[in-house]
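Spelled out, the chains give:
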Amino acid sequence: MKLADIFKNNMRSYGMIVALMFIVLLFSILSDGILLRPLNVTNLILQNSYILVLAIGMVIVIIAGHIDLSVGSVCAFIGAIAAILMIDMQVPTALAVFLCLLLGALIGAWNGLFIAYLKMPSFIVTLAGMLLFRGLTMVVLGGQSKSPYPPEFRLISSGFIPDIPFLGLSSLHVLTLIVGAVLSLLVIFSELKERRTQLKHQFAVLPKGFFIAKLVAMVTVINVFTFVLASYRGIPNILVILFVLIVVFTFVMNKTVIGRHIYATGGNQKAAELSGVKTKRVTFWVFVNMGFLSAMAGLIYAARLNAATPRAGTMFELDAIAAAFIGGASMAGGVGTIVGAVVGGLVMGVMNNGMSLIGISIDWQQAIKGLVLLGAVGFDIYNRNKSK
Amino acid sequence: MSDIILEMKNITKTFPGVKALDNVNIKVQKGEIHALCGENGAGKSTLMKVLSGVYPFGTYDGDILFEGEVCQFKDINESEKKGIVIIHQELALIPELSISENIFLGNEQANKGIINWNNTITKASKLLAKVGLTDEPRTLAMDIGVGKQQLVEIAKALSKEVKLLILDEPTAALNEEDSENLLNLLLEFKKQGMTSIIISHKLNEIEYVADNVTVIRDGQSIETLSLAKGEVTEDRIIKGMVGRDLENRFPPREPQIGETIFEVKNWNVDDPLHAGRKLIKDANFHIKKGEIVGIAGLMGAGRTELAMSIFGKSYGKNITGQIIKDGKEIQINTIKDAIDHGLAYVTEDRKTYGLILIDDIKHNISLTSLEKISKNGFVDKNREILEAEDFRKKMNIRTPSINQKTGNLSGGNQQKVVLSKWILSEPDILILDEPTRGIDVGAKYEIYSVINDLAAQGKAVLVISSELPELLGLSDRIYALSEGRITGEVPREEANQETLMKYMTKTGGN
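Sequence lines, in order, name chains A and B. For the first sequence, the numbering used here assigns the number 1 to the initial residue and increments by one for each residue that follows. For the second sequence, the numbering used here assigns the number 1 to the initial residue and increments by one for each residue that follows.
Incorrect hints may have been included.
Straight-line Cα separation of at most 27 Å, DSS-like style, residue types lysine-lysine; simulated pairs [said to hold, decoys possible]:
| id | chain 1 | residue 1 | chain 2 | residue 2 |
| --- | --- | --- | --- | --- |
| 1 | B | K381 | A | K278 |
| 2 | B | K278 | A | K270 |
| 3 | A | K278 | B | K375 |
| 4 | B | K278 | B | K30 |
| 5 | B | K27 | B | K49 |
| 6 | B | K444 | A | K270 |
| 7 | B | K405 | A | K255 |
| 8 | A | K255 | B | K381 |
| 9 | B | K372 | A | K193 |
| 10 | A | K280 | B | K372 |
| 11 | B | K375 | A | K280 |
| 12 | B | K325 | A | K278 |
| 13 | A | K280 | B | K336 |
| 14 | A | K278 | B | K405 |
| 15 | B | K82 | B | K49 |
| 16 | B | K405 | B | K394 |
| 17 | B | K289 | B | K372 |
| 18 | B | K130 | B | K30 |
Bear in mind the hints are in silico, worked out from the structure with no lab data behind them. Remember, it's a predicted structure, so these values are computed and weren't measured experimentally.
Let's have the full structure, built from the sequences with the hints guiding it.
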């Protein structure tokens, strides 16, 4: 592979990561380094976790050629149900969480039924869902907030993984550092294995120098990140959940039959159908998944806020949709990646946080975010047209 | 001034890579009904688009003389101003608008932008009366039948003070009664002095109305037949339309035909939108191992509908009949069933129905066979690449890499990708719908070779094609389809274009 080709082929996939790095750099300079302080990095993760969970589900919905406007209301509704179960009815936390996730999946099935089998446009079905579940939230809460949740529930959003006790001598969180080291080894191992199979089949691979540089860069980023976290309170519980979600869904979308059927359905539903893909079933399950993840995001948000409120989750759907599009998803369906959506969510999260740190008012933040969305998608489309 | 209303001289029109029209000449006399005949793709519609300004002056060579004047139409409005109005094959009415609104669409009866509804309705009623319709002008277009819709189209043309009316396949969607009605209306207009050009595949209709017939073949005007000389007969027209020599456009093949593998009995299919309107009527056919069977039929005969209704009931309603494979009756209710029973269907329109254009070659090839190349639901990506590479070499798909998006490939290479996809699924029966449409001659030869190879492997291949020479060159046996019925079955030895064309244009009754 030639150097120019490598840049051209990977411009799209790495473009947003480069943009994210640039934004991080910009705001850490503007905020005199506060942005990357251990406390702030931890906060960044906690603040954005629920949007990232939603973005993962949303990008799959968008890849399948649809949209879901109901997720914010579903978050609020699930938060309210969780409060009723745990606070009013004293249901054990684990059971309540399980019931809430199940309810989320059922809500997704409700949306999916109309969209996949009755062929109603997803925009309308989920717009109705947005109104419906916001209304139901207010009904079940009687317009009041409910709090507090049991402490063990709040650990989802405020807890950290435990440290190894007898090593707790230093000021660093040792287990976090160990996780970083283990992850680095895993990355190196899997990349080497992949490269070996590719060479065996005589596929094109990166030149050796680039490959090593890529490995060094990845290992550095992982360990710097875990070091920063370790110097505060270690890895937040929520980061573990996020990590698992990202890995699992990336795997599903890239390496499984169902993932490929989702891409095919969004890319050309008619062609997919005539190739034997059960497109209705695919669409239905994509919405069930979105409902499940909305419930998860709702629980995370409720745990973080430590209250169920009627106005919870307002505008979450738009943040999740924006994250997916900033991350390279296409309105027409068939295009997008999980990692892209997460990076898109982080771009917005870092901008929110950074602008707050340097004292830009919330009104301006909103306006600037709008411009970023417009710019990012515009840039992407410009590039696509150019490459044609 | 002569009595020639229209003369088109040496019209040549080229599209990138293809000469669609090559020195076409046509003369239309004032007050006649002039028919334009030719096979699908011969260039009839292209010629009419040149005439009406859809292809503006400068994009073609040659001259158009209308009423003795040289015309250089820049767009369709200019030709309409001169009185040349074309009614296209697909109805162009807007179903949600009323009859009167449709008639005056783009020509609204308005004063300073404000529509005069009284004027609109009165004028519309008069026009409707001229075409023999008594419907209320405020009826929505979707509430009247296809036959009446076609008449509304004609009323719309009349509203433009038409001198030359061009009708492209006006009866394709009509039943016999409506067709007859429409043809009689044309004869009535002729008496009043109007000139029409009619394009039709239905030769009996042409025999009925036409004064002169110009035959177009392969983009060239072959001859003009005149009623006065007694030349307007079905047989004579067919002779003009075909009669092209078959050189070595087909790879050689030794057919090795085995036992019957697939049989369809008493197959009936209704239109998905109009229940009760039959698209396929009592179709019976069979195909043997190693055999290539052709299906011939004109546009609208029900070829694609037949194929898609068999392929997992993917088209049509109230489908009844039996499908027998290897001597046993099988049930095929979904596309998945069809694929599992060893069927493959290569669609007519590869861009809309065959490929995911935004995805790359390897993903398109593996799509129907994902389960085969995966373990426990996990796709073996290396195997996927190897299979795709294998097909790239075998099928000679010209591309720098299998990671290329299929949308960037040429038609021939796209078709090879679609064929690869279905061959990978290891079918026993392949239905190929227009496998070489829009493909250059070289790629056609390659695709014919692939089809021959498939037959040599003992697979049964059903080829649907509008190009008769292609069917004659490939098939061991050919079924002719007309108006949803199988009207003839011709073995290779007896097959020629005249016989097929006769069966294909057989209408009504049996």
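How the hints compare with the structure:
| no. | hint | result |
| --- | --- | --- |
| 1 | B:K381 <-> A:K278 | 22 Å, holds |
| 2 | B:K278 <-> A:K270 | 24 Å, holds |
| 3 | A:K278 <-> B:K375 | 19 Å, holds |
| 4 | B:K278 <-> B:K30 | 40 Å, violated |
| 5 | B:K27 <-> B:K49 | 16 Å, holds |
| 6 | B:K444 <-> A:K270 | 26 Å, holds |
| 7 | B:K405 <-> A:K255 | 19 Å, holds |
| 8 | A:K255 <-> B:K381 | 7 Å, holds |
| 9 | B:K372 <-> A:K193 | 24 Å, holds |
| 10 | A:K280 <-> B:K372 | 22 Å, holds |
| 11 | B:K375 <-> A:K280 | 24 Å, holds |
| 12 | B:K325 <-> A:K278 | 24 Å, holds |
| 13 | A:K280 <-> B:K336 | 13 Å, holds |
| 14 | A:K278 <-> B:K405 | 23 Å, holds |
| 15 | B:K82 <-> B:K49 | 15 Å, holds |
| 16 | B:K405 <-> B:K394 | 19 Å, holds |
| 17 | B:K289 <-> B:K372 | 24 Å, holds |
| 18 | B:K130 <-> B:K30 | 21 Å, holds |
Hint 4 from the earlier list is the only one contradicted by this structure; the remaining hints agree with it.
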